[in-house]
Amino acid sequence: MIPLRDENKPLRKPILNYTLIAANVTIFFYLFLTGNLRRGIELYGAIPALILRGNRFWTIFTSIFIHADIMHLLGNMLYLWVFGDNVEDTLGHGRYLIFYISGGLVATFMHIFSTLLSIFLAPFPIPYFFFNLATPMVGASGAISAVLGAYLLLFPGARIRTLVFCLYFVTVISVPAFFYLGFWFLYQLLMGFFSLTGLPSTVAFWAHIGGFLFGMLIVESFNISRPKRAVSKGRRPLIAPWTRTPLVDLLVEDDVVRIYAFMPGVEMKDIEISVSEWEVVISAQRGSLRYYGRVALPIPVIPKVKDFLYTNGTLIFTLRRAVQGYI
Numbered sequence: 003m004i005p006l007r008d009e010n011k012p013l014r015k016p017i018l019n020y021t022l023i024a025a026n027v028t029i030f031f032y033l034f035l036t037g038n039l040r041r042g043i044e045l046y047g048a049i050p051a052l053i054l055r056g057n058r059f060w061t062i063f064t065s066i067f068i069h070a071d072i073m074h075l076l077g078n079m080l081y082l083w084v085f086g087d088n089v090e091d092t093l094g095h096g097r098y099l100i101f102y103i104s105g106g107l108v109a110t111f112m113h114i115f116s117t118l119l120s121i122f123l124a125p126f127p128i129p130y131f132f133f134n135l136a137t138p139m140v141g142a143s144g145a146i147s148a149v150l151g152a153y154l155l156l157f158p159g160a161r162i163r164t165l166v167f168c169l170y171f172v173t174v175i176s177v178p179a180f181f182y183l184g185f186w187f188l189y190q191l192l193m194g195f196f197s198l199t200g201l202p203s204t205v206a207f208w209a210h211i212g213g214f215l216f217g218m219l220i221v222e223s224f225n226i227s228r229p230k231r232a233v234s235k236g237r238r239p240l241i242a243p244w245t246r247t248p249l250v251d252l253l254v255e256d257d258v259v260r261i262y263a264f265m266p267g268v269e270m271k272d273i274e275i276s277v278s279e280w281e282v283v284i285s286a287q288r289g290s291l292r293y294y295g296r297v298a299l300p301i302p303v304i305p306k307v308k309d310f311l312y313t314n315g316t317l318i319f320t321l322r323r324a325v326q327g328y329i
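If you read the sequence shown in my numbering, its first letter stands for residue 3, the second for the next number, and so on.
Rather than coming from a laboratory, the hints here were simulated on the basis of the structure. All values derive from a computational prediction rather than experimental measurement. Take these hints with a grain of salt, some might be off.
Said to hold, decoys possible - Simulated restraints, written as ranges between beta carbons of each label pair:
| # | residue 1 | residue 2 | range |
| --- | --- | --- | --- |
| 1 | Leu123 | Tyr32 | 38 to 46 Å |
| 2 | Leu6 | Tyr262 | 21 to 29 Å |
| 3 | Phe167 | Phe63 | 29 to 37 Å |
| 4 | Arg323 | Thr28 | 46 to 54 Å |
| 5 | Thr28 | Phe122 | 37 to 45 Å |
| 6 | Gly37 | Arg288 | 57 to 65 Å |
| 7 | Asp257 | Tyr32 | 56 to 64 Å |
| 8 | Phe224 | Glu255 | 29 to 37 Å |
| 9 | Phe195 | Arg323 | 47 to 55 Å |
| 10 | Asp256 | Phe31 | 46 to 54 Å |
Just so it is clear, CB atoms sit at the ideal spot from N, CA and C, and this is done for glycine as well.
Turn these sequences into a full structure, and let the hints steer you where they fit.
Quick look at the structure:
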């Protein structure tokens, strides 16, 4: 699941969040285009063995702004773009900067501690663990994890527009922040415990865990609450139905296409299906619940629905393959 945006517009422009994103992107491309990326990682990355000896302590800070490759950078900046603006809006520009940097520092120390712990927990020496002590840790993900932890407590019900890859189809759904971030944290926790057993990984899961818990702790300890949004006295707030995209799967057989759409909470009479030769549009509305989805078909079909069935929240219907010269 990849977050695209949140349905939670901030009250103020997130100037600092934009600045942090710009700084990370600028530093990465400067090192990359000058051919110094590997050297930058070794020089500015946080190496646990050196820090434990009291050397290069400043790299705990600099490592937050260094990324290993373009995908590492894009993934981190996407999460910061989606979730950071509202946390900055709540904390204010100055406090957000302190919070962000502090989260990164805590995450780095958590990574160092987990690396040491993995060595002591190992029943016999595992070279991989000792290699971790000499491996530079880089990336903003620890600081961003603190942002995610704060967002979870501040905006648990905010909707996250999420790109979902499922078997043979891709769709966009809207899920609550508590579900998306809760699932994200459980995955980090699971992989973090696996990493203590010797499972090789290039991801600092315990940095993510430490940053996330730090973000939650700060919000809870200082009783931080999200900013209240004012409503004009002369105007009622508009309440529009939330539109979901149904989860759709296609099964192509010899002469038919079977379509399965998961869209619970409606009845058969609420569903409308529009079919053209290469596309299906599925829509339904019941109360405040609304579904709408467009599905591109892999083969041309006759625009006539057959074997229409809706059961247990799943819509099933069949389309016949178009043959040359059909009317």
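Structure-based check of each hint:
1. Leu123 to Tyr32: 38 to 46 Å: holds, 40 Å
2. Leu6 to Tyr262: 21 to 29 Å: holds, 24 Å
3. Phe167 to Phe63: 29 to 37 Å: holds, 36 Å
4. Arg323 to Thr28: 46 to 54 Å: holds, 53 Å
5. Thr28 to Phe122: 37 to 45 Å: Roughly 40 Å apart at Cβ, these two residues keep to the hinted range, so it holds.
6. Gly37 to Arg288: 57 to 65 Å: holds, 59 Å
7. Asp257 to Tyr32: 56 to 64 Å: holds, 58 Å
8. Phe224 to Glu255: 29 to 37 Å: violated, 59 Å
9. Phe195 to Arg323: 47 to 55 Å: With Cβ atoms ~49 Å apart, the hint holds.
10. Asp256 to Phe31: 46 to 54 Å: holds, 51 Å
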